[in-house]
Each structure stands twice: as C-alpha cells, then as structure tokens.
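The chain contents come next:
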Amino acid sequence: MAKPSPDSKTPYLLILPYFVLYFAFGLFPILFSLFISFTSWNGFSTMTFVGVANYVRLFFHDAAFYKALYNTALVMVCALPLSIVLGLLLAAMLKDYFDRSRNVFQLINFLPYITTPVAIGILFQILFDWKAGAVNSILLAVGIVKAPIYWLGHPWPARAVVVLLLVWQGFGYMMVIFLAGLSTIPAELYEAAKIDGAKWRDTFFRITVPMLRPVMTFVLTTGIIVGFRLFDEPQLLFSGEGEPIGGPDHAVETVVMTFYQAAFRDFSFGYGAAIAYGLFIVIFFFSFVAMRIVNRGNDYGT
Amino acid sequence: MTKRGVLFAVFAAVSAASLFAGGASESSSAPKSEVISIWAWDNSALSKRTYDAFSRVYPQYTIATTIVQSQDMEQKLQTALASGSDVPDVAWIEATYRGSLLALNIWEDISKPPYNFDKNKVIPYLIPLETTTSGVYVGPEVPSIGGMAYKRPLAKQYLGTDDPAQIAAMLPSWQAFIDKGKQVLQASNGKVFMLSSLWDALIFARQQTNTPFVVNGTQLNLDTAAAPILQQLVDMKRAGIVDTYEANSPSENASYADSTHIFYPCANWSVTFTIKRNDPNGSGRWGFIVAPGGPFPMGGTVQGVPIVAKHKMAAVTFLKYRYQSVAGAERLRDDQGYFSPLKSLYDNDSFYSKTDPYFGGQNLQKIFALDILAKISNPRLPNRYDQQINDAFNLAVQSLNTGANLSVADLIKMMEDDLVQRDPELVRG
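Residue numbers (my numbering), protein chains in the order written: chain A, 1 to 302; chain B, 303 to 731.
Each hint should be verified, as a subset may be incorrect.
Unchecked claim - Think about it this way: if two alpha-carbon atoms lie no more than 20 angstroms apart in a straight line, the pair counts; the simulated SDA-like pairs of lysine to any residue are:
#, chain 1, residue 1, chain 2, residue 2
1, A, 67, A, 276
2, B, 378, A, 45
3, A, 131, B, 580
4, B, 458, B, 436
Said to hold, decoys possible - Here are a few chain B residues that sit away from chain A, every Cβ distance over 10 angstroms (derived from the structure):
#, residue
5, 514
6, 556
7, 697
Worth flagging that the hints you see were computed from the coordinates, not collected in a lab. No experiment lies behind these values; they were computed from the predicted model shown. Even glycine gets a Cβ: it sits at the ideal position worked out from N, Cα and C.
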C-alpha cells in the first residue's frame, strides 16, 4: 500500500470548507460585533470609535439593563427548576409505568417544544386575555376569583404567565433528555434495590437522580444559556398595538429584548453589541457557577 | 420497438419540445419590463388592482410587492443597507416610525431633478410631514384623517337620537362628551360605555394636539405637550365612561359588533379595514360625525425612495401616477377608499361624493373631504423620538387602564423616567 506523501495538501483541502464557513459565519461576526461594541454606529453612517463608553453606560448607567437581567433571572429561576423537575418525574414514570404507551406520551409532551413561539405567544395571549380569555372564564365559573384577573396588565401576573408558558414549552424537552439518560443506567441497580425491598421513591432518589448527574449538568447549563437568551415568547406575548415593550412596567423585558431594542429599534448597533457582550459575560459566569455546583464532589475524569 | 427504444423516443420528444419552447420565448420580441420593488404591509387584491392599472398605462413597468410589517420596516431597511443587499424602490413609512426613518439620511429628494415630483400640487399640510429636518422631500402619502363613528341603535337609545347633526351638536367638546357619558353610564346601570378602550381615547386626544413632545433636539416637553392629553384620559377614566379593552385586542375588535360601546375613532381607512371588517353584519347601524374637538390626522404612510434604490426614476413615475394624476386618484378612491394628496381635486365638490348604506346613507367621502381634510392645517411634526414617545404613552395608558388611581403628574413622571432610562440623550423638561 502506498504511503501518503507527508506534504500532501489533500487533508487541508478537505477540512478547508469547514474553516472557511466557520470564519465567515462564526468567528467573523463574533469578532466584528466585539469591534463594533467599541463604536457608535447606526449601521450605515460613519463608525466612530468610542472606546469603552458603551460598556461604561451598560454596567454603570443603564438601569434598564439591570432590570432586564433581573427579569430574565427571575423568570429562569422559576421556570428552569420546574421544567427540570416535571421533565425528570415524567421521564422516570414513563420508563417505569408506561412502557407500552411511552412513545405516545413522549410525543404528546414533546409537541409544545416543537411548536413555533409565534403560535405559543398568540395562544397564551388569547388564553390569558383579560376580558375574553379562557383562563379567567374558568376561574370565574368555578368561583376562584370574583373579578377577572388582568394577567397581562400587571407585572407579577405577567411574569407568572411567562413562567407558565416556558414550563409548558420546555418540560417535554427535559423529559426526552432524561429518558435518554435513564436508558444508560444499568437495570441491575434497580433489580438489586428491588430485591433489597426499595420502593419506587427510594430508587428514584438514591439511584435515578444521582446517576443522572451528568445529564442534569447538561440540562442545567443549556437551560441557563437558553434562559438568558429568552426573547421570542415574551416579545410575542406582548406584541399587541398598545402593549408597552416587555409588558407592564417592562416586567418581562429580557436582556435580549433590551439588545433588540437598542440595536434594531434605536439604531445603536454599537451599544446593542455591548449589551450582547455584557450578556455573554453573565451567561459565562452563571454557567460556570452552575457547573461547579452540580459537579461538586464529582470525581468523573479525575 | 424495444422498451429502451420507446423510452429514448419519449425522452427525445420531450427534449425537443422543451428546446422549441425555450427557443420560442428567446425569440420573443416583447420588451422586458422594469420591476419596481415595493416594501409594504398591504398586498391585498385591492392594492394589486391599483398596481395593475399603473402597469396598463405604463406597460414598461411592473410592480412587485414584498410584505414587510410597519413595525419591521426600520429593521429590514437598516439591515439591507448595512449589509449592502437589495433595498426597495419604494418603502412604506408609517406614521409611528416616520420620525426615526426620516431622520436617517437615506432618502432621495424626489422633488428635485431629474425626478421633479411637484410638491406644489400636494395638500399643503402634508408637505412638512413628508420632509426631513434637513429639507429632503421624501415622498407623498394618502392623507389619513379621522372622525368618530358611532352605533346608531345605541345612540338612539341613550342619546335620544341617531341623527349625525344632532349628535355632533350634543358633543361640541370632550367635556360635553364626558358629561353625556356619565348619563349613559347611569341610564344603562353601568353597562354601556362611550368608548371601548383608553387607547381609543388616546388617539383623539393625541392627534388633536400639535405641541411637540421633544423640543430643542433632545429636551422632553411632556409637561406642556403630554399633560393635556393625559388629563383628558384621566378625566374619562375617573368618569368611568371608557371600558378597559386593550388596543386592537381580539376582545376590542369583537366589541364593534356588540351593544355596549357607542363611539370609536374612525379614519377614512378604518371604514373598510376596521369597522366593516369587525362588524360585517352591521350595515345601517353605524353613523359618523366630526369628533368633539375637531378634525385630526390619523395615521398616514409616506412612500419613500431610498437613495441606493435601483429603479428610482421608475419608482417616481409610479408615485406621480398614483399621487399626482386624476387617474391615480380615481383608483385610490374606487379601489381602496383612499383620498389623494392632489390638492386640485378638492376644488371640485363632486370628486369625493359617495353615499354609504352601511353608514345609514351618509356621504362619508364628502364629510371626510370637506369637513375634515380641508380643515386640517397644522398637525404635529414627525420627530425621531416618536416611537419612544409612543412606547412611553403605552406604558402610561396601560398603568391607567389597570385601574390604578394615578394622577397626570404620576403618569408624566412614569413616561419621563422610561424615556430617559431608555435613551440617555433625552433630558427632562
């Protein structure tokens, strides 16, 4: 067999398309947006270099950024654990009790995740409409409330609706990921526990949850990243003509909405890019902390 | 013939046919038409009818519309310009976004050579609305003007008449409107409202004033400009004469067909696109008057030609046809119910005259043309912060709508805080 020439260019040519595409559509936009975050630019006028002025404004003067960060973190802190818990419980129950009908339930619960956010936004807008929404109609009919709740008109109910929307949309995805994780846990562990008289609850907390730690790290980290990038759902939920941006008192305005506002409505590309990098720092920090917490005491790979 | 032979023959026949077909189209001597690209949010059959009429007069041009929603126009244009991709030959610039879009130095002055769109033919009050602060005349628009529509059966029951003249005489001012609203509320045991939404009240109050919200470039002028508007809303809210529907929500749209809300703001375009659409079985049960406080502009969409557009001359030819010719005005009137900005048409009493059975036989075109359009002279000028002001108004009105007992000073502060926080360039008044 002929030995390949040591100076053959073929391997480089083969990997070249990937690098070309990565530089064009990955690295260049990242570096270019970092560059424009140090400028004042509206997209077509002359770019003016302003140093770190955009970052000074962002971190020291922009209360809207911190409010958006608070809103995003609050919604995420409520929605993410709920989605994880629901997804995990559902996955464990489907595996143990619904072996035959598992695929059907899996599909049903996964459907919200693949539904377009536009449809979800409109659906929840109609469901939680103050005057004619189904939720208020049911609450009134059952007698839980005496007057309709202005769900999308007050800050806290609006946040609750967004949390509910995210949980409903996200737990199916969590369930699928946990089901994949569950399939990697050896059945012998459960059999041994059963012989020792362990109940479902015991095996769940002492076998399932600990063995799913790597999966947990994955869903938590990706959940935080996706959570901080939250945009479509609240944007569409409050897209009515008279709706203030980000809902009542900007209560569900997320960081990405603030970025969108700055870059694509106020024509401040430079400041918009600074917000994007500010968000990157925040995501990096929280993802790092979350991974450290979840992996505490973990000796994988050591 | 073998199976292979049959297949070959079929393939050869198909190939020959397609070659001849291609040859036929290649050899056609029909002139290639120039395509005028328009970014707009209306691509209805009615619009297309107008475009087709233009292409019949100017067969060398055809029009291709790309749907871009009014709120997305800024972003799409900005992205296209920044990336160097194709921009439209004509972009629609809606009133809310006009200030910031006109502030961008991207528009051709079509009143100058070689385009020579004649500004002198345009209704005078429209010209400043279509001109940038640096003096560039961007493009024409159909005048969008507003009055007040009402439900005749409710008016008869609670106001004692459904006659437009009598109702207009009964409501000479907004204070009279509020006083009458209290009586209606009492007579209906709190079930019938004068208006369905505070945002409707905002349309009247905001459009009937012309004090700028921002002065000296970046100084907020809300104490002078927004306070009277908000005071009117607070007065209406406290009187309980406005229901709590959100603007253009499904429930507000459904209220057009109900029997608990009497009045609605009504632009010339609202007749077709809002009232008749939301109350399809309402023929004969609607009436129309000039609103208390007088005529006012309501909406409006400038047709701008970007400097970097590819077919600027063709675009201006289209704009001249549509907005500066009698034939174009007829199409606007008959196809879409729009008015023309061509001022000479309003010297003729009969050009805009058509009774509408839906409005009990009222001649709405004549009322809009003579009683409203002819009397508008000095509307509020566009400002680059219009969109931010609009967002701040939405914030204040929604807070008021929730039932909070807010004063005008509270609402002004809320708006100022929001505006300054969002845009540090802006300074408090």
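How the hints compare with the structure:
Distance check on the hinted pair: residue 67 of chain A and residue 276 of chain A sit about 15 angstroms apart at the alpha-carbon level, within 20 angstroms; holds. For a cut-off of 20 angstroms, the pair hint linking residue 378 of chain B to residue 45 of chain A stands: about 16 angstroms separates their Cα positions. A hinted pair counts as satisfied when its Cα atoms are at most 20 angstroms apart, and residue 131 of chain A with residue 580 of chain B qualifies at roughly 17 angstroms. For the hint pairing residue 458 of chain B with residue 436 of chain B, the CA-to-CA distance comes to about 52 angstroms; that exceeds 20 angstroms, so the pair is violated.
Residue-level check passed: residue 514 of chain B sits 19 angstroms from the nearest beta carbon of chain A, beyond 10 angstroms. With a cut of 10 angstroms on Cβ distances, residue 556 of chain B falls inside the contact zone with chain A, its closest approach being about 7 angstroms. Here residue 697 of chain B does not stay apart from chain A, with its beta-carbon only about 4 angstroms from theirs, under the 10 angstroms limit.
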